[in-house]
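Q: With these hints in hand, go ahead and build the complete structure from the sequences.
Listed below, chain by chain, are the residues.
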Amino acid sequence: MKMNFKVIKTAVVSAESKCETLDEKRIVPKMMLRRRLTRAARIMVYLADACEFSEGSVVYGSAYGEMQATADIVGAIDAQEPISPTAFQNSVYNTAPSYFSLLHKNKSEILTISSGDETSRNVLQTGALQAVTNNAAVLMVCSEAINIANIEEVNECTKYLESGVALTVVPTDEEANTTVTLQEHEGYAPSLWAMLDVVAACEEKEGAIIALQL
Amino acid sequence: MSKNRVFVNAYESLSCAGDTVALMEAIYAKKSAITIDTTYMQDHKAGLGSFAPNEFFPSLISVTQKVLEQSDLKDFSETLLIVGSSVGGIGKSEQIFFRDKSYKNINPKEHAISVISDTLDKTFAFKDSRSISTACTSSANALMLAQRLIRLGAYKNVLVVGADALCYTTVCGFQALGVLSTQKCTPFQEGREGMNVAEGIAALLLQDTQETQSIELCGSAGSSDAFHMTNPDPEAGGAIACMQKAIEDAGLETSQIDYVNAHGTGTQANDAVEALAVETLLKHNPPMSSTKAITGHTLGAAGALEAIIACEVIKQQRIAPQTSLDVPENAQVNLPSVAEAKEIKYVISNSFAFGGNNTAVVFGALK
Amino acid sequence: MITTEQLKKELIELFNLEGVSVEEIADDDHLFGDGLGLDSVDAIELTIFLDNEHGIVFSNISESEAVFSSIKNLQQYINQHEKH
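Protein chains in written order, with my numbering: chain A, 1 to 214; chain B, 1 to 367; chain C, 1 to 84.
Errors might be hidden in some of the hints.
Said to hold, decoys possible - Sample of chain B residues facing chain A (criterion: CB under 7 Å; computed from the structure): (1) Y28; (2) K104; (3) I113; (4) S114; (5) T134; (6) A135; (7) C172; (8) L177; (9) S224; (10) G355.
To be verified - Only pairs whose alpha carbons sit at most 20 Å apart, straight line, appear in this in silico SDA-like list of lysine to any residue: (11) K101(B) x N147(A); (12) K83(C) x E81(A); (13) K107(A) x K3(B); (14) K92(B) x Q80(A); (15) K107(A) x F227(B); (16) K109(B) x E156(A); (17) K3(B) x V132(A); (18) K122(B) x E69(B); (19) K345(B) x Q317(B); (20) K30(A) x E13(C).
No lab work stands behind these hints: they were computed from the structure. Cβ coordinates follow ideal geometry from the N, Cα and C atoms, glycine included.
A: What follows is the structure, encoded as structure tokens:
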């Protein structure tokens with residue numbers, strides 16, 4: 001089932017090693033909250049800020065989630081050292097959007113998708129469903145933050161070890177005026193490609209309207 | 001736009017209590033299936049819910065196969081799969097890392113949440129699939145999305161699978177947070193010690209067609225506490241909001257809820273807040289119980305497993321009593337000690353997760 | 001033996017209190033609530049840290065509550081009970 005959506009804002013960020021311009025001190029002024037944010041959480045709040053979105057329903061996606069926290073926990077278990085409770089609370093796949101929720105006191109439905117390479121495709125589908133259900137704008141964000149020690153043992157093809165893509169959409173009765181084509185986005189984890197396709201079709205285009213599958 | 005009704009037409013589960021039939025027998029007999037483990041942590045006992053080792057992935061297939069056989073479908077080619085899982089393949093990654101002290105032999109696709117849907121897709125070839133991972137609300141959110149898709153007419157058949165295996169990360173992680181119990185958990189009990197981590201698999205087929213044995217998925221809703229990453233809002237704002245919205249989504253009044261299947265993990269924080277939420281919102285004081293006293297907390301699978309329990313309670317027209325309760329901390333809520341037979345039309349099932357993520361799902365007997 | 005200044009440095013590092021200087025933390029600041037503003041998860045991190053770095057283990061929660069009521073109290077407790 002396809003429906004039409006107006007794309008309001010888009011944003012992309014990436015770095016081969018570490019995103020340096022996430023403007024964290026301005027976006028998260030309270031140090032006691034900022035100190036705990038994971039890399040994925042910092043990317044998420046940066047992208048949400050770029051899309052000027054703080055209230056309303058959110059769909060977040062990540063194929064690999066909080067790798068640093070998971071690596072810390074498993075490493076500690078292996079070394080028979082105590083596990084950091086902060087690492088455990090930061091290890092769930094919905095960590096990044098939860099910090100977004102805390103930052104903006106956002107009490108709406110906040111969902112997290114993790115479907116491997118299909119993650120951002122499924123984020124688009126779920127975001128579309130949520131937008132139609134609430135008849136309101138939805139923020140969709142997909143990110144990967146895999147810059148952890150020894151990641152090269154398993155990573156062969158992703159150049160941007162930190163990356164994220166976001167867009168906000170609202171349902172519309174108007175006809176679609178923009179076609180989204182499938183592309184390969186070299187250097188980006190495939191889990192982001194479907195949303196990068198939408199951004200490529202819509203960025204710098206005022207009033208872009210696309211059809212999204214539910 | 002369509003507004004189809006949504007029916008639960010087939011389901012099966014596997015928990016430490018066995019399959020669905022064995023699980024319901026244990027619930028009504030008040031017989032916890034939790035065992036006390038000493039292998040995950042040196043010098044620490046933990047109450048855990050487990051199947052036999054290495055059974056998790058084969059059981060994903062067998063549980064799903066049973067649902068297919070119960071259903072009116074010949075295959076899942078016209079069915080969307082929605083998985084809810086918190087752990088995915090972390091267990092296997094742990095074993096490889098403990099053995100090799102490196103990540104080299106870890107297959108990222110077998111580490112990720114998507115390993116569950118990939119495993120199922122190899123055997124069953126679904127029309128499409130997607131996976132939700134919101135910690136302990138994962139499969140409750142999967143049910144919520146399934147309901148919305150069917151209601152809109154986007155899909156006629158959706159299989160929701162909640163699945164989480166035991167692993168060192170979650171057992172040791174909850175211990176690090178100081179919320180793991182060394183014994184069988186005692187939800188809502190005064191002075192309770194904490195939760196039991198458990199593994200579980202639960203699959204439910206949701207369809208837009210009504211059958212004689214259908215249970216209706218009447219309503220659902222989510223909310224966020226926006227309070228703390230792991231502690232729930234002590235004023236229960238988020239829990240009350242999602243229960244209220246789910247009941248409204250079902251087109252019901254709060255007074256029509258006949259039984260509450262609680263999230264009820266057995267932790268100090270959750271049970272106090274949940275009891276307050278139910279006391280505040282459901283003023284007619286319906287019976288409430290947490291079946292995690294039998295199964296433990298199956299994390300991402302809990303929403304789906306407890307949805308099956310809710311459906312069974314309606315089919316059997318018997319309230320699930322509260323196992324392992326001696327003295328309730330909150331004397332205002334109704335925690336039955338007996339498996340009372342009574343008319344049960346509507347049940348609400350709660351799930352609350354890290355990040356203050358809350359989801360409630362309402363089930364109803366056919367009208 | 002540890003000074004309050006050294007303890008404050010340790011806490012700033014442990015809790016990743018970026019941009020907070022030693023001078024900004026008063027000796028009578030409560031560690032939780034209105035003082036330093038640490039929460040229940042930080043409390044667990046702190047007990048792990050005190051055990052690992054200073055060999056200190058509390059026998060019960062009320063003992064730790066009194067010790068955490070100020071930076072000065074914690075410093076004095078460490079100096080009295082430290083084991084290596």
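Q: Look at each hint and say if it fits the structure.
A: Each hint, compared with the structure:
{"no.": "1", "hint": "Y28", "in the structure": "violated, 33 Å"}
{"no.": "2", "hint": "K104", "in the structure": "holds, 5 Å"}
{"no.": "3", "hint": "I113", "in the structure": "holds, 4 Å"}
{"no.": "4", "hint": "S114", "in the structure": "holds, 3 Å"}
{"no.": "5", "hint": "T134", "in the structure": "holds, 4 Å"}
{"no.": "6", "hint": "A135", "in the structure": "holds, 4 Å"}
{"no.": "7", "hint": "C172", "in the structure": "holds, 5 Å"}
{"no.": "8", "hint": "L177", "in the structure": "holds, 5 Å"}
{"no.": "9", "hint": "S224", "in the structure": "holds, 5 Å"}
{"no.": "10", "hint": "G355", "in the structure": "holds, 3 Å"}
{"no.": "11", "hint": "K101(B) x N147(A)", "in the structure": "holds, 18 Å"}
{"no.": "12", "hint": "K83(C) x E81(A)", "in the structure": "holds, 18 Å"}
{"no.": "13", "hint": "K107(A) x K3(B)", "in the structure": "violated, 26 Å"}
{"no.": "14", "hint": "K92(B) x Q80(A)", "in the structure": "holds, 19 Å"}
{"no.": "15", "hint": "K107(A) x F227(B)", "in the structure": "holds, 9 Å"}
{"no.": "16", "hint": "K109(B) x E156(A)", "in the structure": "holds, 13 Å"}
{"no.": "17", "hint": "K3(B) x V132(A)", "in the structure": "holds, 13 Å"}
{"no.": "18", "hint": "K122(B) x E69(B)", "in the structure": "holds, 18 Å"}
{"no.": "19", "hint": "K345(B) x Q317(B)", "in the structure": "holds, 8 Å"}
{"no.": "20", "hint": "K30(A) x E13(C)", "in the structure": "holds, 17 Å"}
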